[in-house]
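Undergrad: First to last, the protein sequences are chains A and B. If you count the first sequence from 1, position 43 lands on 43 in the numbering used here, and the numbers rise without skipping. If you count the second sequence from 1, position 74 lands on 74 in the numbering used here, and the numbers rise without skipping.
A hint or two may mislead.
[Said to hold, decoys possible] No more than 20 Å apart at the CA atoms, straight line, and that leaves these computed lysine-lysine pairs for PhoX-like:
| hint | chain 1 | residue 1 | chain 2 | residue 2 |
| --- | --- | --- | --- | --- |
| 1 | B | K64 | B | K20 |
| 2 | B | K55 | B | K66 |
| 3 | A | K49 | A | K61 |
| 4 | A | K69 | A | K58 |
| 5 | B | K64 | A | K101 |
| 6 | A | K101 | B | K55 |
[What the hints assert, rightly or not] Okay, the calculated bits of chain B under chain A, using three or more residues with CB under 8 Å as the criterion:
| hint | region |
| --- | --- |
| 7 | 10-24 |
| 8 | 105-112 |
If you are wondering where the hints come from, they were derived from the structure by calculation, not from laboratory data. In this text, a Cβ means the ideal position worked out from N, Cα and C, and glycines have one as well.
The primary structure of each chain is shown beneath.
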Amino acid sequence: AQSVSQHNHHVILSEAASLELGCNYSYGGTVNLFWYVQYPGQHLQLLLKYFSGDPLVKGIKGFEAEFIKSKFSFNLRKPSVQWSDTAEYFCAVNYGGATNKLIFGTGTLLAVQP
Amino acid sequence: GAVVSQHPSRVICKSGTSVKIECRSLDFQATTMFWYRQFPKQSLMLMATSNEGSKATYEQGVEKDKFLINHASLTLSTLTVTSAHPEDSSFYICSAPRRFVSGQETQYFGPGTRLLVL
């Protein structure tokens with residue numbers, strides 16, 4: 001079955017620390033990849049997405065992600081986190097074809113200490 | 001930017017009653033919308049795909065008679081939880097895909113509806 005896994009359930013960092021959140025997906029051919037963020041009390045917002053082309057994707061708020069096809073991975077990175085980055089981060093995959101539904105990972109809760 | 005709204009944002013109801021949740025795309029049309037359920041500290045689980053003008057497509061394990069979906073127009077989908085029970089208490093989220101000129105498609109999510117069944 002198609003699945004998405006996020007290995008880090010909780011991450012605690014100090015401000016200015018670097019961040020990398022892992023995301024792996026099961027094989028399924030052509031994929032479109034997304035990272036969403038959910039700030040406390042708010043709805044899901046798109047951080048970045050990958051459809052094709054340059055595997056290093058830059059998103060909003062200084063986030064970036066790298067698609068490594070051979071590893072079935074799409075890890076999220078930020079060189080220096082801020083307190084305002086405290087949120088839950090979800091990786092999601094669309095396996096293409098006729099359907100545009102998303103399969104989500106379990107999410108990673110990031111807490112940034114000031 | 002694209003916005004998706006949900007109403008109500010939270011609802012408390014008695015066991016056995018039915019609850020209707022609305023999902024609207026505010027500045028774009030969506031022939032499909034998606035309904036998710038999110039349990040505490042867990043990910044979003046896709047429940048069903050709402051299709052404008054035709055029947056919804058349900059994911060495996062989701063009771064179609066329990067969760068009625070109606071895609072009334074290109075900007076509105078409703079989810080009705082029928083004869084709700086405490087185990088139906090959850091956070092329900094809808095999303096609508098928007099296709100851009102480039103051909104890429106991005107899902108926009110509503111703020112969610114928190115349902116508590118007593």
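Undergrad: Take the hints in turn and mark each one as holding or not.
TA: Going through the hints against the structure:
In summary, the hint linking K64 of chain B to K20 of chain B is supported, as the alpha carbons are separated by about 14 Å, within the 20 Å threshold. Annotation: proposed proximity of K55 of chain B to K66 of chain B holds, straight-line Cα distance about 15 Å (limit 20 Å). A C-alpha spacing of about 14 Å is found between K49 of chain A and K61 of chain A, which places the hinted pair at or below 20 Å, so the restraint holds. A threshold of 20 Å between alpha carbons decides the hint, and for K69 of chain A with K58 of chain A the separation of about 17 Å falls inside it, so the pair holds.
In summary, the hint linking K64 of chain B to K101 of chain A is supported, as the alpha carbons are separated by about 18 Å, within the 20 Å threshold. For a cut-off of 20 Å, the pair hint linking K101 of chain A to K55 of chain B stands: about 16 Å separates their Cα positions. Under a criterion of three residues with beta carbons nearer than 8 Å to beta carbons of chain A, the stated coverage of the region 10-24 of chain B fails, only 0 such residues being counted. Given a C-beta distance limit of less than 8 Å, the hint that chain A covers the region 105-112 of chain B holds, as 8 residues qualify and 3 suffice.
In summary, the one numbered hint that this structure violates is 7.
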